[in-house]
Every structure is written in C-alpha cells, then in structure tokens.
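Make a model of the complete structure from these sequences and hints.
In this note's numbering, the protein residues as written are 35 to 458.
Simulated from the structure, these hints should not be mistaken for lab results. Any given hint might turn out to be false.
[To be verified] Cross-link-like lysine-lysine pairs, in silico, PhoX-like; alpha carbons within 25 angstroms at most: (1) K221 to K404; (2) K396 to K229; (3) K324 to K400; (4) K94 to K229; (5) K221 to K327; (6) K404 to K93; (7) K94 to K400; (8) K229 to K93; (9) K221 to K324.
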Amino acid sequence: MSLSLLAETTEPVWDAPEWYPVLFDSPKNIAGSVFFWLTIAIVLALALCALLLKGDFRKKFFRIALIGAIAYAVIVGITMLVLSLLEDGIATLLFVPLVIAIAVLGGCAIALVIRRTRPVLIVAACLSGAAVIAALVCMGVYYGQNIDADGYYNSEETGAQVNQIVLYTSSIVLLAVIVILGFVFDKGKRGFDSKSIAYAAVCIAMSFALSYIRIVKLPQGGSITVASLLPLMIYSYMFGTKKGVFAGLVYGVLQAVQDPWIIHPAQFLLDYPVAFSGIGVAGMFAHTKKLEKLPQVQFALGAVVGSVLRFAAHILSGVFAFSAYAIDKGMNTWIYSLAYNSFVFADIAIAIAVGVIVFSSKAFMKQVRKFSAPAKAEPAAESAVQEAETPAPEAPVSGTAAADPAPVAAAPAHTMSGSPDKKE
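Below, the structure written as structure tokens:
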C-alpha cells in the first residue's frame with residue numbers, strides 16, 4: 035500500500051520500480067532525468083579538469099568547484115522538493131510538523147554558530163527535542179486516524195500487524211548501538227564548532243540534493259542514487275563519528291520530507307533518523323593506524339558497517355510495520371524484507387566506488403587530514419603548551435653567602451614534559 039505524508043491514499047499500489055534516467059512522464063520526473071545526466075556530465079568534467087590542472091591552478095579550481103557544487107546542490111534540492119510537493123500534494127498533519135522540526139534544528143544550528151555558550155546549547159537542545167517530539171505525536175495521531183483500523187496494515191483476516199512495542203524497542207536499541215559506536219570510535223572531547231557545523235550543513239545539503247539524482251526508485255519507498263550518501267560519509271571521516279551520527283540523524287529527518295513513506299512514529303524513527311544516523315559511523319576507521327596508508331580501505335570498511343546498520347533498521351521496519359506487503363505476495367515477512375531492502379547495498383556500492391576514487395587523490399587526502407588527523411594530537415599539544423607557559427618555581431635566595439656552601443645551578447625558565455606532536 036502506498037502511504038506517505040505527501041499522499042493521503044490508502045489504496046494498494048504494486049508499481050514496478052521507476053528508472054529515473056529515462057523517465058519523462060511528469061515535470062518532476064523530467065527534472066529528475068535532466069539533473070541525473072547533467073550531474074554525470076559535471077562530475078566527468080570536474081574529474082578531467084582535476085587531472086589536467088597542476089599546482090596553484092588546481093587549488094584555485096577546487097575552491098571554485100566546491101562553491102559551484104554547493105550552489106548546484108541547493109538548486110537541485112529546492113527544485114525537486116518544490117516539484118514533489120506540487121505533484122504529490124501534502125498530508126498536513128505529517129508534513130507541517132516535520133518542516134517545523136527541520137526549521138527549528140536549522141535555527142538552533144545557526145544560533146550555536148553565532149554564539150556557542152552553555153545557555154544557548156541548553157535552549158537549542160530543548161527546542162529541538164520539543165519539535166521532534168511534537169512531530170512524533172502528530173504521526174501518532176495520524177496513525178490512529180488513518181492506519182490503525184484500516185483493515186490492511188492491521189488485519190485479523192490476513193494476520194498483518196503493526197507491532198508498535200517491537201518497533202519502539204527496536205528503534206531505541208538500534209539507536210543506542212549506533213551512539214555507542216559513535217563514542218567508541220571517536221574519543222575526542224571537542225564538540226561542534228562553527229566550522230564543523232558549517233561543513234555539516236554543506237554535506238547534508240549535498241547528500242539531500244544527490245538523493246534526488248536517482249537511478250531507480252522502488253515501489254514501497256527507497257531508491258538507488260548516484261552516491262547520495264558520500265558527502266555524509268566524508269563528513270564522518272573528517273570530523274569523527276559522533277558528529278557524523280548527528281549529521282546522519284538530521285539528514286534522516288530531511289529524507290522523511292523528500293521521500294516519505296510513513297505509517298507510524300516508531301516506523302518513521304527506524305526508516306529515517308535511526309537508519310541514516312547509522313551512516314554516520316562511516317568514519318570509524320579513520321584513525322586506524324594499521325590502515326593509515328590505505329585511506330580507501332578505511333573509508334570502505336566504515337561505509338560497509340554504516341550500510342549494515344541502515345539495512346538492519348529497514349529490515350526491522352519491514353517486518354514489524356509493513357508485514358502486509360509480504361502477506362500480499364504470499365511470502366515470509368523476514369525473507370520479503372531482506373530481499374526488498376537489499377537495495378541498500380546497491381546504493382552504498384556506488385557510493386563506495388566513487389569514494390574510493392576520491393580518497394585515492396593525494397590533494398583530497400591532504401585537505402581531509404587537516405581536520406581528521408590532528409584530532410588525537412590536539413589534547414596533547416594543548417597540555418604541552420599550557421605546561422610550557424607555566425614558569426618553574428624560582429630558586430630560593432639566601433640572605434648570606436655562608437648559608438649557601440655550594441653554588442646551585444640555575445633552573446630552566448620553562449619545562450616540557452611531552453612533545454605536542456606526540457600521537458596516542
């Protein structure tokens with residue numbers, strides 16, 4: 035059954051997957067096809083220029099290309115979102131609270147960039163939490179009004195059921211696992227600063243725009259895109275898994291607006307914030323010393339782990355929220371969910387392939403290491419500098435020469451107990 039926050043219908047739909055590169059049956063799909071081929075052409079042109087240019091010309095080119103890529107991402111994202119809303123319509127009870135939640139999250143991020151103090155942080159956290167909770171409550175109301183007794187998702191005749199308890203439990207447990215992984219593989223104490231927030235906004239925007247550049251869209255939600263998750267994974271590699279998980283969570287909320295398939299608040303959590311926060315652990319091997327000379331492997335391994343976490347979230351949602359689909363096909367719910375959600379690995383395979391090429395660039399890795407490599411050395415450096423700036427106790431001066439039978443060597447003005455370049 036096709037049900038989204040952009041479509042109020044409750045009629046079963048079993049359409050074949052849509053192949054977007056050659057889909058021209060509506061303004062939205064025409065725009066999607068044009069953006070698909072235009073993106074491919076731009077990427078090839080940028081790659082050719084990067085190979086031909088050298089030295090300072092290449093540096094200037096990369097700066098201009100980055101600005102151009104951000105502008106292009108904004109244009110694609112806004113254009114496709116507007117066309118989607120005009121073409122599919124809006125389910126007000128779901129759409130408006132989500133948009134408000136996204137606006138609150140964005141406003142709080144801007145406030146933290148302008149003034150990052152403890153009171154501002156507390157207020158931002160409270161407002162963000164309240165906005166998300168309000169959106170979940172609205173989803174719960176929508177479920178009670180439109181889904182609970184519809185006779186399809188919950189049906190005594192067919193045995194289909196939306197298992198709310200398992201959905202909530204799965205959401206909490208899986209999110210806890212992702213958060214724990216984020217802290218285990220990112221032990222840095224530095225929180226968000228203006229630079230990390232700005233980069234998060236850019237990477238989220240680029241992933242959001244690329245998610246519209248689809249190769250194929252599946253009938254019950256989900257799509258294979260042109261490396262849409264790559265910017266998020268690069269962000270996690272650069273700034274750490276803790277920030278990566280948070281960026282993925284925000285991106286998941288945006289995905290609920292862009293490609294909605296929502297019937298229950300817990301199912302929303304699993305399929306969107308939880309699933310995409312799992313992508314945030316992609317940078318978990320960024321500081322693995324044994325793979326220090328193989329950044330491509332560091333990236334690929336983290337991407338695989340992130341995709342497995344996303345896959346797990348979608349499977350649990352498919353089994354405990356969308357069992358009606360499997361029953362309609364006469365299949366076991368677990369087998370159906372495993373098969374349907376395997377698109378995750380096709381999507382991530384494209385992102386890994388492109389990512390390996392990107393991480394093979396020495397110029398790119400030089401820029402990335404400016405953010406990722408110093409993370410572990412920084413605490414030691416700060417400690418050493420503070421110790422160096424603290425003067426040693428002065429030698430006592432006696433009143434008479436007889437009191438000092440032997441000359442005392444002058445103490446050094448400063449001491450250093452460690453090297454600021456020492457890495458753990």
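We went through each hint and held it up to the structure:
1. K221 to K404: Since the Cα atoms of K221 and K404 sit roughly 18 angstroms apart, the hinted pair holds (cutoff 25 angstroms).
2. K396 to K229: Cα-Cα ~23 angstroms, so holds.
3. K324 to K400: Holds, at about 19 angstroms.
4. K94 to K229: holds, 20 angstroms
5. K221 to K327: holds, 21 angstroms
6. K404 to K93: Between K404 and K93 the Cα gap is close to 15 angstroms, so the pair holds against 25 angstroms.
7. K94 to K400: holds, 15 angstroms
8. K229 to K93: It holds: about 20 angstroms lies between the C-alpha atoms, which stays within 25 angstroms.
9. K221 to K324: It holds: about 18 angstroms lies between the C-alpha atoms, which stays within 25 angstroms.
In the structure shown, no violation is registered for any of the earlier numbered hints.
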